[in-house]
Structure formats: C-alpha cells, structure tokens
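> The primary structure of each chain is shown beneath.
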Amino acid sequence: MIPDKAKELQERNLKYAQIIQDAMSGKREDMEKRIKELNLASTPKEVIHSETSIKLYRFIPVKKKLHKTPLLIVPSLILRYYIMDLLKGHSLIEHLVESGIDTYLIDWGIPGDEHGHLTFDYYIDKFLKRAVRKVSRSTGVEKINILGQCLGGTIGVVYTSLYQEEINKLVCLTTPVEFEDAGLLSVWTDRKTFNIDKVVETFGNTIPADFIHACFQFLDVKATVERYKKLYNNVLDENFLYYYKALDQWINDKIPFPGEVFRKFIRDLYQENLLVKGKFTINEKVADLKNITCPLLNIVAKFDHVFPEKSAKALNSFVSGPVDYHIISAGHVTLVVLFPQREETFKLISDFLKK
Amino acid sequence: MFMDPAQFGKNFMDPTEFNKQFYGQMEQVFIEKMNEMIKNPAFLSSISKGVETGLDGKKKSDDLIKKYLEKMNMPTREDTSKILQYLQKIETKILDLEDKIEDLSDDLKNLKKEYGKSRKTEKKK
Numbered sequence: 001m002i003p004d005k006a007k008e009l010q011e012r013n014l015k016y017a018q019i020i021q022d023a024m025s026g027k028r029e030d031m032e033k034r035i036k037e038l039n040l041a042s043t044p045k046e047v048i049h050s051e052t053s054i055k056l057y058r059f060i061p062v063k064k065k066l067h068k069t070p071l072l073i074v075p076s077l078i079l080r081y082y083i084m085d086l087l088k089g090h091s092l093i094e095h096l097v098e099s100g101i102d103t104y105l106i107d108w109g110i111p112g113d114e115h116g117h118l119t120f121d122y123y124i125d126k127f128l129k130r131a132v133r134k135v136s137r138s139t140g141v142e143k144i145n146i147l148g149q150c151l152g153g154t155i156g157v158v159y160t161s162l163y164q165e166e167i168n169k170l171v172c173l174t175t176p177v178e179f180e181d182a183g184l185l186s187v188w189t190d191r192k193t194f195n196i197d198k199v200v201e202t203f204g205n206t207i208p209a210d211f212i213h214a215c216f217q218f219l220d221v222k223a224t225v226e227r228y229k230k231l232y233n234n235v236l237d238e239n240f241l242y243y244y245k246a247l248d249q250w251i252n253d254k255i256p257f258p259g260e261v262f263r264k265f266i267r268d269l270y271q272e273n274l275l276v277k278g279k280f281t282i283n284e285k286v287a288d289l290k291n292i293t294c295p296l297l298n299i300v301a302k303f304d305h306v307f308p309e310k311s312a313k314a315l316n317s318f319v320s321g322p323v324d325y326h327i328i329s330a331g332h333v334t335l336v337v338l339f340p341q342r343e344e345t346f347k348l349i350s351d352f353l354k355k
Numbered sequence: 001m002f003m004d005p006a007q008f009g010k011n012f013m014d015p016t017e018f019n020k021q022f023y024g025q026m027e028q029v030f031i032e033k034m035n036e037m038i039k040n041p042a043f044l045s046s047i048s049k050g051v052e053t054g055l056d057g058k059k060k061s062d063d064l065i066k067k068y069l070e071k072m073n074m075p076t077r078e079d080t081s082k083i084l085q086y087l088q089k090i091e092t093k094i095l096d097l098e099d100k101i102e103d104l105s106d107d108l109k110n111l112k113k114e115y116g117k118s119r120k121t122e123k124k125k
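So the sequences go chain by chain: F and L.
The first sequence maps to residues 1 to 355 in my numbering.
The second sequence maps to residues 1 to 125 in my numbering.
By construction, these hints were calculated from the structure, which means they are not laboratory data.
A few of these clues could be false.
Said to hold, decoys possible - Covered, in the sense of this in silico footprint (three residues per stretch, anywhere, with C-beta under 8 Å from a C-beta of chain F), are these stretches of chain L:
| id | stretch |
| --- | --- |
| 1 | 31 to 39 |
| 2 | 85 to 98 |
To be verified - So the derived list for chain L, only partly shown, Cβ under 7 Å to chain F, looks like this:
| id | residue |
| --- | --- |
| 3 | T16 |
| 4 | K20 |
| 5 | M26 |
| 6 | S45 |
| 7 | S46 |
| 8 | L55 |
| 9 | K60 |
| 10 | D63 |
| 11 | S81 |
By construction, the Cβ of each residue, glycine as well, lies at the ideal position given by its N, Cα and C atoms.
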C-alpha cells in the first residue's frame, strides 16, 4: 500500500514541479508558443488595422445575416485580451460571433519603449477613436456598440461620455468607476504610501509587469493558496489540467503598463477619484458621466476581489440613459470563464445587443 | 507543543495524510496572518519604504549605466526610446493623413453625387 502511494506521490510531485516551472518562464516567445500549443484565442480573426503594438481585429462571421450594429470590444490594459476568447466552446467572443454579432476587438498588444510618451488621453483620443472610426467606416454604421471589460470598461465609459454621438449601446463588465474605498487596491495605492510620480519617473517608459502584478496574488490570499492546492490535488487529472493550463497561461501572460497611462490611472482615478466627481478630463474635455444617454448593460461580479461590486455599481447612478444592471455570482475573471456562471453573462450580453 | 496523534486516527502512520493535515493547518495560519498583514498600516508603510529604497537603487544603477554608455559612445536606452517614439509619431501622422484623405474622398464622392443629381434635374428643365 505504502510503496504504491509513494510512487504516486513522486509522480504527483514531479508533475506539479514541472507545471510550476513552466509557468514561471515569463519570456515573450514562450508565452506566444504556449498560446498556440494550448490553442487559446482560437476564434478566427483578421487584422483590419494596426498602429504601434496595437491591433484591431475583426472576428470572421459565421452567420450570413449579421446584426446591424457592430460591436467593438475594449479589453483591459492590465492583462491580455484573450480571457474573453480563452478556449473553443468556452469563449465569450465565440458566443458573440455565433449569435450573429459583427465583433471587433482592440488588442492593446505589448507596450514597449515607444509607448513611453503616450498618455491616457492619447489612448482615448487617438487609439480608441481611430478604432471606432475604422469599425464604423468598414460597416457603414454611424453608431456602434462598445463592450469594455475591467479597466477597458472604464476606458469605454470615458469614451462614451466624450463621444456619445458615436455609440449606440454600452456594455460594462466588472468596470470600476468609483475608486474611493474600492477594496485593497485603493488602500495600497493611497497617496500616503504610494508615490506614483516616483514610480513612473524611475521606471520610465513602461511599468514592468512584475511590479504591477506582484500585488495581485495578495488581493485574495485564500484563492491564491487554493489555486495551487487544487492543482496539486488534481495534477494527475488530464481533464483538469486542460482548463487549468489555459487559465494559468492567461494569468502568467503579464504585460507592462505604459508609464504615463499608469500615472493618470493611479493619480486621477485611484488617488483623486475624479471620474465620479465629474472632474476627469481627456485633452481638457471633461468626461462627464451624465453625457452617457445610450442604453447601458452593467454586469458586476458578486465576489470580485479586484474591483468590488460597489466600485462598478456606482456607474448606474451617474449615467442619464436606461440601465440594465446584473450581479453574477462569480469572481472578477470567473464571470467570463467559469461554467455555468459564464453562460448567464454570455446570454445577458448577446440578448442586450440584439434587442 | 506537539500535535495529538489521536486527531489523525488510523491514518497517523500514513506520512501522506500526516503531511496533508500538517500543511493544512500551516495554510490556515498563513492565510489568516497574511490577510491581517496586507491591511495593516504599519506593514504597508514599511513596504512603501522598501519600495522607495528599491526605486532609489534602481535610479542610481540606471544613471551609472547611462554614464558608462555615454562615455563608451554607445546609445543609451533613452536614445533608443527617443528613436522609437519618433517613429511612433511619424506613424501617427501618416495614419492621421490617411484618415483625412478618406474624409476628403468621401466628401468628393458626395459632391459628385449631388452634382450628378443637379445636372439631371437641370436637363429635365
């Protein structure tokens, strides 16, 4: 009995160590290789526009008749976009494409030294504005739909408040707008303990991914410990490993943050909370949330450890248009990847967009 | 001080089970302590000081490398960044011009259409 168990234990330990070791290699070429090996982000797409490291994708439609209004997805700047297209059969983007929605996505890419002088304002007024223009021109539709996830949602909200005339409907997924008492991140970025100017000036063009992500695993210590424990207990189960490796790859695919964008994000949003105060500006134009008159679908996660429910819910009381608000019993990421919770999220989005 | 063997029951002699229980208890204590610590202002303040010291160190080492590269007549990171940013600005200008050309060609198409319509109505008259 004991020798059998010892053998299994040895096998388990070796496999566990191998997976952890693989995950620790943060080289960009390894990341791209693993994305291909695991067949992640596999919904067929084409690049219709590119600018520096940024790409605008159009997902190849599978239905002959498409819904008349195209959708532009704006992902977060913190991690890569493919959490919304993780695995075939489990992907939000695949679901949208199969629902007949003409889907586009702005991939922020991997910011490098060439992004050092680019500001938050530039991301909104140049990159996103051009992406909206490209989608609008290629479809011949004046007003398009926007779906923003996490910080991409905040970018989408700011954009809509400035250019409401270009937007038909807005979907926000776990999108923070109220940054006061917004969980542990607002405690850690408090101006008393976090000198944002010194951080940006020292790192320069981009804030290294490891610096930003060092704190994320402490946001929910229990979940972090549970994740590794679950892996250890199931490391010999190939089915479990298939899903684990996919999600783990996305989590480890950390990207740097453009320095000046990070400065504005922390100072104006986390430290000053200017967006809900109606004082957040983009190139001297005030991003007033009251300007948002289009229908809004605001989906928040009940157990969001990154941006608490309160931080996302606040948006409902500031916009002027009709609000469809839903709380899903999931976490910040599991909202779009975990079965069956994700099914509810997917359905809410496609129903709202096709209404 | 030591754990009570009775709590492991029949599995006491099984090292795997013993390890599981042992690490389980360690884990509980670790999570509790970590959760207390990450909200503790005194801890955050000392972490903040540590980060600032690290940043000062990085700044000093970056300055040294920069001086060294300059003396060797080699491009610094700042130099290569400037070139990359310059290229980025040129790319943006080209794309802005492309957008303007698209707008102008749209305007031209509309003008042609309107001109065609007005000529037709003139002919009818």
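> Work down the list of hints and note, for each, if the structure agrees.
Against the structure, the hints:
1. 31 to 39: holds (count 5)
2. 85 to 98: Coverage by chain F holds for the stretch 85 to 98 of chain L (6 residues, Cβ < 8 Å).
3. T16: holds (6 Å)
4. K20: Interface hint status for K20 of chain L: violated (9 Å vs cutoff 7 Å).
5. M26: Interface hint status for M26 of chain L: violated (10 Å vs cutoff 7 Å).
6. S45: The hint holds - S45 of chain L has a Cβ within 7 Å of chain F, the shortest such distance being about 6 Å.
7. S46: violated (10 Å)
8. L55: At 4 Å from the nearest chain F Cβ, L55 of chain L passes the 7 Å test, so the hint holds.
9. K60: violated (10 Å)
10. D63: Hint on D63 of chain L: violated, closest Cβ of chain F at ~11 Å, above 7 Å.
11. S81: holds (4 Å)
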